[in-house]
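*Asks:* For reference, the chains in residue letters:
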Amino acid sequence: MPVTIPLASLILPGLGQLLSGRRARGLSILGLTLTLLGLIWWSLTPQDLSPETRPIPLKGDPANLYWLVVPVLIWAWNVWDAARPNVAPGWIPALLSTTMFFVIGWQVAEINPPVLASNIDRVMLIVRPMLRPDFIQPRAEEREGWVEIIVPCPTEAPAAADSSTGEITLTVDATCGAVGETLTVAAAGLTPDVPVELVWQSPIGDFFVLREADDPTRFRSEQPDAQGGLTTALVIPNAIPPGVDPTMPQEQRLYLRQSRPLGGWELSTNGGFILQGIYETIALALMATTLGTLGAFPFSFLAARNLMGGNAFTLVVYVVVRTILNIVRSIESLIIAIVFVVIIGLGPFAGMMAVTVHTIAALGKLFSEVIEGIDPGPIEAIRATGANWLQIVRYGVLPQVVPAFTAFTIYRWEINVRASTIIGVVGGGGIGFFLIQWINLSDYRAVSAAFLAILVVVQIMDFVSARLRERLA
Amino acid sequence: MLEVQHLHKVYPNGTRALTDVSFQVEDGEFLVVIGLSGSGKSTLLRCINRLIEPTQGKILWDGTDVTAASGAELRGIRRQIGMIFQQFNLVKRSSVLTNVLAGRLGYVGTAGSLAGVWSSADRASAVRALERVGLAEKAQSRADALSGGQQQRVAIARALMQNPKLILADEPVASLDPVLSHSILQYLEQLNREEKITVICSLHFLDLVHRYATRVIALKDGEVVFTGLPQEIDKARFKEIYGEDAIEVKAGLSA
Amino acid sequence: MTPEKPNRWRALRTTLTAVVVLVAYILAYRGSFVASDTPIDLRRLFSVELWSKGGPLLRDFLTPDLVDREIQPVTLQLPVPVPCGSAENGVPATTGPRLVPSVPCAAPRDKFRVEGFELQPDTELQLRWRLPSGQYFPGPFITTDADGHFSAEFEARPIVATKDGVPGQIEVELQVEVGAVKLSRAFFDVLDGVIVTIFMALIATAAAVVVAAPLSFLAAQNVTRRGRVGTAVYYLVRTVFNILRSFEAIVIATLFAFWVDFGPFAGVLALTVVTIASLGKLFSEAVEGIDPGPVEALTATGANRLQVVWFAIVPQIVPNFVSFIIYHWDINVRISTIIGYVGGGGIGYYLAQMINTGQDNKAGTAIWAIVLVVWAMDFISAEVRKRYT
Ligand SMILES: Nc1ncnc2c1ncn2[C@@H]1O[C@H](COP(=O)(O)OP(=O)(O)O)[C@@H](O)[C@H]1O
Ligand SMILES: [Mg+2]
Chain A
1 MPVTIPLASL
11 ILPGLGQLLS
21 GRRARGLSIL
31 GLTLTLLGLI
41 WWSLTPQDLS
51 PETRPIPLKG
61 DPANLYWLVV
71 PVLIWAWNVW
81 DAARPNVAPG
91 WIPALLSTTM
101 FFVIGWQVAE
111 INPPVLASNI
121 DRVMLIVRPM
131 LRPDFIQPRA
141 EEREGWVEII
151 VPCPTEAPAA
161 ADSSTGEITL
171 TVDATCGAVG
181 ETLTVAAAGL
191 TPDVPVELVW
201 QSPIGDFFVL
211 READDPTRFR
221 SEQPDAQGGL
231 TTALVIPNAI
241 PPGVDPTMPQ
251 EQRLYLRQSR
261 PLGGWELSTN
271 GGFILQGIYE
281 TIALALMATT
291 LGTLGAFPFS
301 FLAARNLMGG
311 NAFTLVVYVV
321 VRTILNIVRS
331 IESLIIAIVF
341 VVIIGLGPFA
351 GMMAVTVHTI
361 AALGKLFSEV
371 IEGIDPGPIE
381 AIRATGANWL
391 QIVRYGVLPQ
401 VVPAFTAFTI
411 YRWEINVRAS
421 TIIGVVGGGG
431 IGFFLIQWIN
441 LSDYRAVSAA
451 FLAILVVVQI
461 MDFVSARLRE
471 RLA
Chain B
1 MLEVQHLHKV
11 YPNGTRALTD
21 VSFQVEDGEF
31 LVVIGLSGSG
41 KSTLLRCINR
51 LIEPTQGKIL
61 WDGTDVTAAS
71 GAELRGIRRQ
81 IGMIFQQFNL
91 VKRSSVLTNV
101 LAGRLGYVGT
111 AGSLAGVWSS
121 ADRASAVRAL
131 ERVGLAEKAQ
141 SRADALSGGQ
151 QQRVAIARAL
161 MQNPKLILAD
171 EPVASLDPVL
181 SHSILQYLEQ
191 LNREEKITVI
201 CSLHFLDLVH
211 RYATRVIALK
221 DGEVVFTGLP
231 QEIDKARFKE
241 IYGEDAIEVK
251 AGLSA
Chain C
1 MTPEKPNRWR
11 ALRTTLTAVV
21 VLVAYILAYR
31 GSFVASDTPI
41 DLRRLFSVEL
51 WSKGGPLLRD
61 FLTPDLVDRE
71 IQPVTLQLPV
81 PVPCGSAENG
91 VPATTGPRLV
101 PSVPCAAPRD
111 KFRVEGFELQ
121 PDTELQLRWR
131 LPSGQYFPGP
141 FITTDADGHF
151 SAEFEARPIV
161 ATKDGVPGQI
171 EVELQVEVGA
181 VKLSRAFFDV
191 LDGVIVTIFM
201 ALIATAAAVV
211 VAAPLSFLAA
221 QNVTRRGRVG
231 TAVYYLVRTV
241 FNILRSFEAI
251 VIATLFAFWV
261 DFGPFAGVLA
271 LTVVTIASLG
281 KLFSEAVEGI
291 DPGPVEALTA
301 TGANRLQVVW
311 FAIVPQIVPN
321 FVSFIIYHWD
331 INVRISTIIG
341 YVGGGGIGYY
351 LAQMINTGQD
361 NKAGTAIWAI
371 VLVVWAMDFI
381 SAEVRKRYT
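Chains as they are written, first to last, in this note's numbering: chain A, 1 to 473; chain B, 1 to 255; chain C, 1 to 389.
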């Protein structure tokens with residue numbers, strides 16, 4: 001063993017191994033050392049924070065310098081390995097670098113398992129409503145009446161507040177008041193014996209159900225008398241949105257709501273949205289799969305080496321098409337959707353275009369691989385008859401590829417249904433669009449119903465497509 | 001001594017693989033089970049160490065009821081019974097030594113064995129077992145780097161590690177060339193003669209049966225149709241067991 | 001039975017299938033048509049209106065913001081008293097970058113023209129009032145022509161009136177590029193995002209492997225489906241895997257974001273959950289695909305269930321497992337690029353920020369980085385898997 005080999009590895013990690021013909025090992029060592037050094041450099045440079053970036057915990061901490069020990073040890077190991085091939089155990093660098101990756105990764109990804117336990121109360125907040133999915137509701141007659149109240153009082157007192165919407169009439173002893181003041185409201189025309197809910201509407205239109213003063217976990221519920229009248233006192237809640245000047249008088253409203261059970265069940269409002277979202281999702285997936293397959297078809301022939309390798313021009317087309325397919329394929333359809341939403345606007349059209357584009361790229365690649373794997377015999381035979389390129393494709397290639405194409409298309413349909421359930425998260429339509437809004441509104445009963453709907457749809461589609469593929473195989 | 005009493009096996013799909021099979025095996029015998037493929041030989045052998053649950057009947061091994069045993073007791077019985085398979089059943093990606101050591105699993109603790117810790121005595125006896133089948137120098141090779149005959153010898157070494165009193169061999173040579181068949185069976189014969197290990201072996205070729213068996217039982221459609229000495233199997237018996245159209249073939253190279 | 005009958009049957013069935021498919025398409029088309037403000041309308045893709053708006057956006061996305069130069073803001077100002085006579089009129093310069101109003105002073109609500117000379121050519125600037133209080137009042141955006149000249153109408157709002165003898169001033173801020181070309185801020189932000197994303201995928205994959213590997217044995221027929229308890233466990237684990245696999249990571253991330261707050265941790269948890277389900281299924285299929293011979297052989301030696309799993313099954317599945325793990329790390333990098341979009345953290349978070357604030361160049365930088373990383377991961381994972389198996 002010439003001394004130059006370990007020397008080379010001392011100068012540049014992996015060089016000795018490269019020189020002695022162990023190419024893969026040499027490149028791995030070099031790559032690993034450079035990666036580790038790069039990572040240390042990255043962890044040492046402080047982060048230039050802006051309002052749009054998140055602080056990364058370990059960035060810029062000088063203590064990260066200690067990690068240098070890892071590349072240094074690996075460097076030493078690499079010299080040993082160069083000097084005595086197949087003696088130095090490979091687990092040493094593997095263990096060292098893995099440890100470093102995971103410890104750094106742990107900090108960078110802000111892994112913090114104790115939070116799971118300490119925030120368990122939040123889970124309870126979600127779980128309870130999720131056990132009661134909001135899809136159907138008992139049929140009921142909804143009635144409401146409201147009155148306007150100015151908060152706080154303007155300089156000139158507003159006219160007497162007496163509001164009647166339909167049959168329910170509300171009278172308040174003051175037409176305006178400050179947050180925390182007590183009002184007395186008298187109502188007439190309510191349905192007797194049906195409890196009344198008090199709801200406050202903020203100046204920007206949000207509703208707050210008023211709660212019991214002594215037990216804030218319970219909603220307030222009042223019982224009207226036998227004539228449908230009710231008189232009760234309430235404290236003006238603080239419904240002024242953040243960022244709004246609290247001294248500016250604003251119109252707010254007090255609603256009295258009644259819901260009289262009629263027996264039986266009906267689709268709830270959110271249930272209707274879920275049906276619409278699922279409908280959109282399936283429609284979107286169907287359209288995208290169809291258009292995507294049609295689009296992938298021509299590309300796949302252009303991206304097949306055995307068809308395009310003929311001359312320099314077609315070869316260039318092959319390389320270009322293939323590269324584009326590969327790039328587009330590697331972008332998640334959600335990210336493509338983000339771009340389409342910006343260009344086309346919110347809605348299923350943008351989502352469908354995104355899924356279509358991704359489908360074209362993914363199927364184009366799969367199809368082209370099918371084409372590359374076909375038996376060249378028939379093609380040769382048809383070429384020998386003097387057929388042109390299109391004729392060769394029609395009679396020599398198509399019959400061989402159609403079954404595999406069909407199988408891939410069905411498989412893609414499955415993927416597209418899944419993708420369409422979430423494309424709405426970025427504004428691309430379908431159930432995801434509703435889902436993300438309910439999550440933002442913390443309406444976990446609706447969220448849970450949407451989850452169930454997605455589960456059912458995906459399972460059914462999986463089953464159907466598995467059956468179809470079985471049939472074809 | 002092994003006693004099989006009125007053994008029945010019906011598979012869940014309704015196939016009657018064994019019907020009222022009874023026989024005895026004295027210590028030191030080399031019992032060969034013959035029969036057409038599908039006649040129930042594998043089922044019978046696997047019932048003996050309960051790799052397959054018998055439907056009915058009793059198996060007594062040195063007086064203990066194998067069919068009633070379960071859990072640790074069953075494993076205790078199994079470790080006294082080595083088994084050799086047609087497809088060798090080695091763990092192909094593990095080393096030969098690990099495969100042989102696996103024969104000790106019934107004797108060692110779970111934690112130690114899972115951690116790969118083996119006593120030096122076990123290691124030494126593994127090397128001895130390998131020497132015995134002439135494969136000591138292959139200890140560190142991967143099992144799938146060995147030829148078929150070598151793999152079957154590793155399987156024998158694995159069975160030896162159990163210090164078995166009985167070896168079950170289910171068509172141990174059916175996947176091997178005739179020459180190798182004899183070498184494998186000679187190892188079994190040697191163990192049978194020198195260590196007094198009882199052997200129950202299913203075989204296909206009649207010349208091998210004549211050469212190695214001390215006693216033969218024949219199965220047909222799950223029933224015992226013949227028990228006796230190998231010499232007693234003449235042309236007529238042969239046709240009876242294997243059917244009218246059967247022609248006797250030799251494994252070749254009869255020793 | 002006559003031979004025509006099944007034929008007629010088949011014809012009927014084909015027709016029915018065709019009708020069903022056709023109806024599905026019509027419903028699909030109509031469904032997306034009726035349901036929203038932007039229905040599926042492929043003709044729109046070719047409309048001038050869409051591309052006059054979308055074209056520049058697309059161009060922004062495709063041109064990443066990688067390098068820039070140090071920028072120094074220079075402010076050009078000129079006092080324009082409102083109303084006239086409330087302070088001394090400003091005198092415009094005669095050479096160099098300068099602002100020239102059409103009137104030296106103005107009454108409130110007067111409109112006048114402002115011209116700029118010898119500014120940077122072809123750049124967008126904002127004309128504004130600097131109030132006596134020091135705050136500014138924004139005016140119109142203007143674009144200079146090739147000679148660095150502009151002319152724009154400007155209004156003297158009451159708010160710009162002279163206060164305590166200090167007049168309001170018209171001003172523009174010029175961004176003067178000084179110093180050498182350097183990597184842009186977006187470049188470093190994106191690099192940070194990419195590294196966080198890769199680590200998120202790494203940790204999630206590792207955590208998922210730790211959970212999925214043992215669970216996969218419970219979901220494998222040949223290991224678990226024995227006896228009543230075994231069968232129950234088998235179906236239970238399988239069902240859980242199947243249910244979890246129905247949800248995309250991004251949806252689960254929103255729930256975790258509520259639990260542990262926004263940040264990479266929420267994303268990692270969501271990724272872990274879906275990876276457990278997906279790897280669990282792949283793993284259990286690998287376990288089901290093993291050669292049962294060694295299992296039988298080791299059972300026959302008297303080994304217990306754990307020992308059989310460890311000595312007969314594990315060695316057979318390690319290569320498959322490794323290849324699935326690497327493959328999934330690759331997938332997870334891809335998923336975590338978007339998971340940040342809702343869960344916060346990584347490149348997805350940055351992308352969301354840039355999209356929401358309309359900084360399409362920077363969003364483009366992030367998208368290009370995602371393409372690069374995913375591509376590199378794809379390549380590395382394919383190479384490693386090829387080498388290992
Ligand atoms: N797991 C099983 N399930 C159902 N039937 C089986 C099973 N294993 C074997 N059999 C049937 O049992 C009979 C005996 O099989 P086997 O014991 O393998 O015979 P041999 O080993 O003599 O070829 C055959 O008819 C076979 O088809
Ligand atoms: Mg058999």
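Hints are not guaranteed to be accurate.
As the list claims (entries may be wrong) - Cβ-Cβ distance ranges computed for the label pairs, FRET-style:
1) C:98 / A:45: 21 to 31 Å
2) B:13 / C:305: 56 to 66 Å
3) A:131 / C:305: 50 to 60 Å
4) C:22 / A:140: 33 to 43 Å
5) A:49 / C:138: 24 to 34 Å
Said to hold, decoys possible - Pairs of lysine to aspartate or glutamate, EDC-like flavour, derived with a Cα cap of 16 Å:
6) B:235 / B:207
7) C:111 / C:147
8) A:59 / A:48
9) B:58 / B:20
10) B:92 / C:296
11) B:220 / B:20
12) C:281 / A:48
13) C:182 / A:462
14) B:235 / B:221
15) C:111 / C:153
16) B:196 / B:29
17) A:365 / C:155
18) B:165 / B:207
19) B:165 / B:131
20) B:92 / C:378
The hints are simulated quantities; they were obtained by calculation from the structure and are not laboratory data. Idealized CB from N, CA, C, for every residue including glycine.
*Asks:* If a hint holds in the structure, say so; if it doesn't, say that too.
*Replies:* Hints, one by one, checked against the model:
At about 42 Å, the beta-carbon gap between residue 98 of chain C and residue 45 of chain A misses the expected band of 21 to 31 Å. Between residue 13 of chain B and residue 305 of chain C the beta carbon distance is about 25 Å. The supplied range of 56 to 66 Å is therefore violated. A hinted range of 50 to 60 Å for the beta carbons of residue 131 of chain A and residue 305 of chain C is inconsistent with their spacing of about 37 Å. At about 40 Å, the beta-carbon gap between residue 22 of chain C and residue 140 of chain A stays in the expected band of 33 to 43 Å.
A hinted range of 24 to 34 Å for the beta carbons of residue 49 of chain A and residue 138 of chain C is consistent with their spacing of about 26 Å. With a C-alpha separation of about 13 Å, the suggested pair residue 235 of chain B and residue 207 of chain B falls inside the 16 Å cut-off, and the hint holds. A threshold of 16 Å between alpha carbons decides the hint, and for residue 111 of chain C with residue 147 of chain C the separation of about 25 Å lies outside it, so the pair is violated. For the hint pairing residue 59 of chain A with residue 48 of chain A, the CA-to-CA distance comes to about 10 Å; that is within 16 Å, so the pair holds.
This hinted pair checks out: residue 58 of chain B and residue 20 of chain B have alpha carbons roughly 10 Å apart, not beyond 16 Å. Between the alpha carbons of residue 92 of chain B and residue 296 of chain C the distance comes to roughly 14 Å, so the proposed pair stays at or under 16 Å and holds. Annotation: proposed proximity of residue 220 of chain B to residue 20 of chain B holds, straight-line Cα distance about 12 Å (limit 16 Å). A distance of roughly 43 Å separates the Cα atoms of residue 281 of chain C and residue 48 of chain A; the hinted pair therefore is violated under the 16 Å criterion.
For the given pair, residue 182 of chain C sits about 51 Å from residue 462 of chain A by alpha-carbon distance, which is inconsistent with the 16 Å threshold. In summary, the hint linking residue 235 of chain B to residue 221 of chain B is not supported, as the alpha carbons are separated by about 20 Å, beyond the 16 Å threshold. Distance restraint check for residue 111 of chain C and residue 153 of chain C: the Cα-Cα separation of roughly 7 Å lies within the 16 Å cut-off, and the hinted pair is therefore satisfied. Under the criterion of a C-alpha separation no larger than 16 Å, the hint pairing residue 196 of chain B with residue 29 of chain B is consistent with the structure, at around 8 Å.
Between residue 365 of chain A and residue 155 of chain C, the direct Cα distance comes to roughly 59 Å. Violation of the 16 Å bound is thereby established for this hinted pair. Between residue 165 of chain B and residue 207 of chain B the alpha-carbon distance is near 26 Å, which puts this suggested pair outside the 16 Å criterion. With a CA separation close to 20 Å, the supplied pair residue 165 of chain B and residue 131 of chain B exceeds the 16 Å bound. In summary, the hint linking residue 92 of chain B to residue 378 of chain C is not supported, as the alpha carbons are separated by about 30 Å, beyond the 16 Å threshold.
Of the numbered hints listed earlier, those contradicted by the structure are 1, 2, 3, 7, 12, 13, 14, 17, 18, 19 and 20.
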